[in-house]
Amino acid sequence: MFEFVELTDGTLTNACELTDGFSYALVSFAPIIPPLRDDLLGGRSPWVETQAQITFHAMGDTAAAAYAAARAVNGLLDAARRWVDRLTVTPIRLRVKAQGSSLAILEAPVFGRARGGPPNLALPAAYSTTYRKYVIENITITMTLGTPWLSAASESASGSATANPGVMAVTMPSSPTTPGPCIVRLTGFALSAAKALDIPDGYLLMAPATSAIDDSGMQKYEGESPTTQSLATSATFTSTADATARASGGNVGRLNHASAAVNAESRLFYSLGSWGNSRRMAVFCTVRNNSASVWSIRAENVRTDLALSSPGTRATVIAAGPSNPQVLFLGELDYLDGSQGVNVYAAATLISGACTLDIDTVVMVDLTDGRAAIVQVSGQRVTLVNLSASAAIDLRVETQPLSVPDPRARRSSGGESLPTSYSGSPSVWLGGSVIKLLWYATHLFGGSTPYWTTQNAAGSAAVSLTPTITRQTTYLVPE
Amino acid sequence: MSAQLSLFTRAGGVLLADDTAILRACSFSTNAHGCAELRASAPMPLDRAFGHYDWPGLPHALLRVDASTPYAGRLEDVAIGGDGVALTALGYSRALSDMPYTALWSSSKVGDWRFLTNRDYTLVNETLYNADAQNRLYLSLKKGAVYRNGNDLAIYSILIPNGSSRTIAGVSFDLAYSLPAGWTISYGTANDEALGGGATLGTITSSGGTTTASVHITIGAPQALFFLTCYNGSGVSYTNTLEDWAWFVTLTNVRVVTNTTNRIDTTTTATYAAGSNVTIAVASTARMYAGQRLQIDYTSSSESVIVASVTDATHFVAQSVASTVGATGFHVRAHVIYADTIAADLLATVVATNPTQLSAATTLIQSPGVDLLDETYLDMLPSAILDRLIGLGDTRTPPRVWAWGVWDDQQLFFWPEGTNAQAWYVTISDLDLQRTIDSLANRVYATYQDAAGRTVRTAATSDAASITKAGITRTKQIGASTTNAAQTAIQQAVALSDNANPPPRFGITVDAVETATGGRAPIWLPRAGDTVTVRNLPPTISVDIDRIRTFRIARTTCDLIARTLTIEPAVPLPSLAALLARTAAGIKG
Chain E
1 MFEFVELTDG TLTNACELTD GFSYALVSFA PIIPPLRDDL LGGRSPWVET QAQITFHAMG
61 DTAAAAYAAA RAVNGLLDAA RRWVDRLTVT PIRLRVKAQG SSLAILEAPV FGRARGGPPN
121 LALPAAYSTT YRKYVIENIT ITMTLGTPWL SAASESASGS ATANPGVMAV TMPSSPTTPG
181 PCIVRLTGFA LSAAKALDIP DGYLLMAPAT SAIDDSGMQK YEGESPTTQS LATSATFTST
241 ADATARASGG NVGRLNHASA AVNAESRLFY SLGSWGNSRR MAVFCTVRNN SASVWSIRAE
301 NVRTDLALSS PGTRATVIAA GPSNPQVLFL GELDYLDGSQ GVNVYAAATL ISGACTLDID
361 TVVMVDLTDG RAAIVQVSGQ RVTLVNLSAS AAIDLRVETQ PLSVPDPRAR RSSGGESLPT
421 SYSGSPSVWL GGSVIKLLWY ATHLFGGSTP YWTTQNAAGS AAVSLTPTIT RQTTYLVPE
Chain U
1 MSAQLSLFTR AGGVLLADDT AILRACSFST NAHGCAELRA SAPMPLDRAF GHYDWPGLPH
61 ALLRVDASTP YAGRLEDVAI GGDGVALTAL GYSRALSDMP YTALWSSSKV GDWRFLTNRD
121 YTLVNETLYN ADAQNRLYLS LKKGAVYRNG NDLAIYSILI PNGSSRTIAG VSFDLAYSLP
181 AGWTISYGTA NDEALGGGAT LGTITSSGGT TTASVHITIG APQALFFLTC YNGSGVSYTN
241 TLEDWAWFVT LTNVRVVTNT TNRIDTTTTA TYAAGSNVTI AVASTARMYA GQRLQIDYTS
301 SSESVIVASV TDATHFVAQS VASTVGATGF HVRAHVIYAD TIAADLLATV VATNPTQLSA
361 ATTLIQSPGV DLLDETYLDM LPSAILDRLI GLGDTRTPPR VWAWGVWDDQ QLFFWPEGTN
421 AQAWYVTISD LDLQRTIDSL ANRVYATYQD AAGRTVRTAA TSDAASITKA GITRTKQIGA
481 STTNAAQTAI QQAVALSDNA NPPPRFGITV DAVETATGGR APIWLPRAGD TVTVRNLPPT
541 ISVDIDRIRT FRIARTTCDL IARTLTIEPA VPLPSLAALL ARTAAGIKG
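Residue numbers (the working numbering), protein chains in the order written: chain E, 1 to 479; chain U, 1 to 589.
Just so you know, not all the hints are guaranteed correct.
[Unchecked claim] Partial list, derived from the structure: chain E residues whose beta carbon lies under 8 Å from chain U:
(1) Gly42
(2) Gly43
(3) Asp85
(4) Thr88
(5) Arg185
(6) Tyr203
(7) Val294
(8) Ser310
(9) Ala319
(10) Asp334
(11) Asp406
(12) Leu418
(13) Tyr422
[Claimed, not checked] Computed Cβ-Cβ distance ranges for the label pairs, DEER-style:
(14) E/Thr236 with U/Thr212: 36 to 44 Å
(15) U/Gly471 with E/Thr233: 46 to 54 Å
(16) U/Asp47 with E/Asp61: 52 to 60 Å
(17) E/Thr236 with U/Tyr53: 53 to 61 Å
(18) E/Thr233 with U/Gln134: 50 to 58 Å
(19) U/Thr269 with E/Gly446: 51 to 59 Å
Just so you know, the hints here were simulated from the structure itself, not pulled from any lab data. These numbers come from a predicted model, not from an experiment. Every residue, glycine too, gets a C-beta built ideally from N, C-alpha and C.
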């Protein structure tokens, strides 16, 4: 039973409250609990859309008024279809409140009539002595609803400003077990005095530090500080200062294979400590090839207490340099017994010149519960003439099921918003209390100066980023 | 973890569309050439559908899951129908089928040479010479003919194919001649058969007797044509009073190459005596192989020897040596052409024309180490050339199977099959399996051509274990497009290794894959070239079952909607093979 059911585009003039007892009378509405998707596609909610059937009476003081009420519902369903087809910008929502619920009104986006479903029935209007109105009885509509139900209220929190490439943390007001759609916003990118925006390609890594993970959903290690190392014969590994190129922590780990055999691997082990419950993780690193040598690099999961290492990622070939610092996605590690660390193996497959490879950072993102989100955002190098010099630039990844049909990535400042190319699903649904974030990118500042980290507008220091997450509370049933 | 399909203007370009949320079908395949096809369809109104249809250029289709990229290709087909669009992207290996390629890389066939006529070059008088190209390039003076000084030339030449992208960079041949005193043999390069832009690289003046030499040259300014001419340079006219065969010039073991990257040029480091199976010490035996012909330059004389075996990094055994050598430091040379050099040039050619299609990086191109004596391509697609090159195997025993293709990074890989592969494990609930001897061949011989173009058949080689197991000897012939016996032997070994124990035909569809240690992996991770082990087969051990239990993947198809992965081994079920063939032929239904 519902005390409130309404179809609306958000305006009073286009709102059909099916429980108002004046223009409408609700006969039946039985919401369906959505299952998780079977398919692997993203870009939308993790739960399957449902087919909702609502039966109602349309009423009016005249037959014409009853028909107008029926037409209004039909018009909203048409509008919903156009919104799904990206022909209009105004979404249609179904808003409900269960009888006796203490929650605020819950909403779900309407994706139009069910494809292939029955059309609306235009029944003859007849005068009802019960309602003392002209009534078109038992109009049944079947529509596709987005899931889950969303509270109109959202929660928002910001983390501390953190110098790149520090892992940022946002502590949300609540700790829902059902993940909710998020708007993730990083502020701190800035325009130069010449109003030039220079943001590099990068990964936005987001992972909740859920209870399933002992420590954190994300770990970043300084490349020069592996827990243990086992080098190829005649190879060396040294912590080398590289503050000039703004290395994370000021130093990089320099692997030298000039005297080692071709294809001989050196192993660097980065311990995860107590992060033992992870079953799947993505491994990244930042590297710089300093010579014309060609390198091969791969990662492997390690369980130290079992003296077990499991199959690793495919090898990534680092082309002959010298090159600028670059972010490498080494691959995904999957394992049964949980991870206690990662071995990073590197070998020179062609030795030429100095044959040194610098590693600045190694990052692991836990993918175990499938709720981490990774979006690769394309960089932008443009002059924004309409903005004031040194204006703050945001990077946003927006999942707003109630207002925008597609999640998206944007850069914005004030009223100016730039659509941004991306890859990887920008549909970000995160649960839990603490959410870790990392903007993982190197930087060719001004197109010429290579840095390990993303730089500020002046190119004088690593940018300091502040994360903000706005999350809507979700309900699988309108309880 | 969820997949997202993006369409960009090009790789690294601007995002055109992200229709992931409305996709009704989405699957992608991988095969031996990397990313194969991706098919997706989405309902959308007609105006949006035409928007997709009218995208300029060749959009880049990128499938991303978290940070992984299971598929990248180019959007080749857009179809509007029903209530939306159907998109088909094909992997970037297709870029190697966008243009034909014409080039001569190496030729050791005398049939590729021409005896020029007066119509080619006015100083030639071909009527005054006997000439033939039977397993050699031969010319002799005719009895009674009068040869003017500096005129009445005889010229053998080899010209690169018209339109070829490569010019002649190196030549080697053995020379035997007997000419009147003062007669001259010279060789050089030119632009064409009229000897335009000709440049002389070497001249030999006869002092009368019979002489042999081995010539090995590199050409600093490569040109389209190489010529060798013989003429009267004595200063006065010469009338031949001897028989036709008395004065002659013979070229054997000719080889023309258009690349000298892997040329052998080392020096002797110890003395040796003439004889058979002579061990010769050199600074390096890199790129030497049994059967190879090496030229040794003794400064005042020269000879060519055949490598019987390579002992170590600084010694090889020559089959027969004619000279006793009391000094060291003599050059030992040979032209060598490897498949990786050709592959890199194919890549460079494609990138020069279509720079957005493939990366110019050659870091994934490895060398099989097999010297290719006869490689000439006339209007062939680079993909077909690569298909041929991977079939030539490598120097291992038995030779490894090679593969080429392009993955999501748009880099051409040319390496042994299984390079950078991963191992996966599956548990199956259903198996469709067929055994056949259709592709069994446990005895193989090869046909190839000798230098004269005559077809030669090698001695057949057999796999005794396979013959015993099958209870039958099935013989297969393979054609090797070369004049080189060593290269033919490698191809023969590859064919025997491939066919002596053919895998059974089968295919499986799974909804989960695991790593060796039991970790559950996403179904989009396995790809062609990886190996799959079926965990739940009966424990009976036989070669056949082992090839079912663990096999190399020839093709994967991952359906992101149904969440299934179909895995095909190297020999798929006939029905599937037929279906694929029909699809490739454009047959619908």
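Here's how the hints hold up against the structure:
no.: 1; hint: Gly42; in the structure: holds (3 Å)
no.: 2; hint: Gly43; in the structure: holds (3 Å)
no.: 3; hint: Asp85; in the structure: holds (5 Å)
no.: 4; hint: Thr88; in the structure: violated (12 Å)
no.: 5; hint: Arg185; in the structure: violated (20 Å)
no.: 6; hint: Tyr203; in the structure: holds (6 Å)
no.: 7; hint: Val294; in the structure: holds (5 Å)
no.: 8; hint: Ser310; in the structure: holds (4 Å)
no.: 9; hint: Ala319; in the structure: holds (5 Å)
no.: 10; hint: Asp334; in the structure: holds (4 Å)
no.: 11; hint: Asp406; in the structure: holds (6 Å)
no.: 12; hint: Leu418; in the structure: violated (12 Å)
no.: 13; hint: Tyr422; in the structure: holds (7 Å)
no.: 14; hint: E/Thr236 with U/Thr212: 36 to 44 Å; in the structure: violated (55 Å)
no.: 15; hint: U/Gly471 with E/Thr233: 46 to 54 Å; in the structure: holds (51 Å)
no.: 16; hint: U/Asp47 with E/Asp61: 52 to 60 Å; in the structure: violated (41 Å)
no.: 17; hint: E/Thr236 with U/Tyr53: 53 to 61 Å; in the structure: holds (58 Å)
no.: 18; hint: E/Thr233 with U/Gln134: 50 to 58 Å; in the structure: holds (57 Å)
no.: 19; hint: U/Thr269 with E/Gly446: 51 to 59 Å; in the structure: holds (55 Å)
Checked against the numbered hints given earlier, the structure breaks hints 4, 5, 12, 14, 16 and satisfies all the rest.
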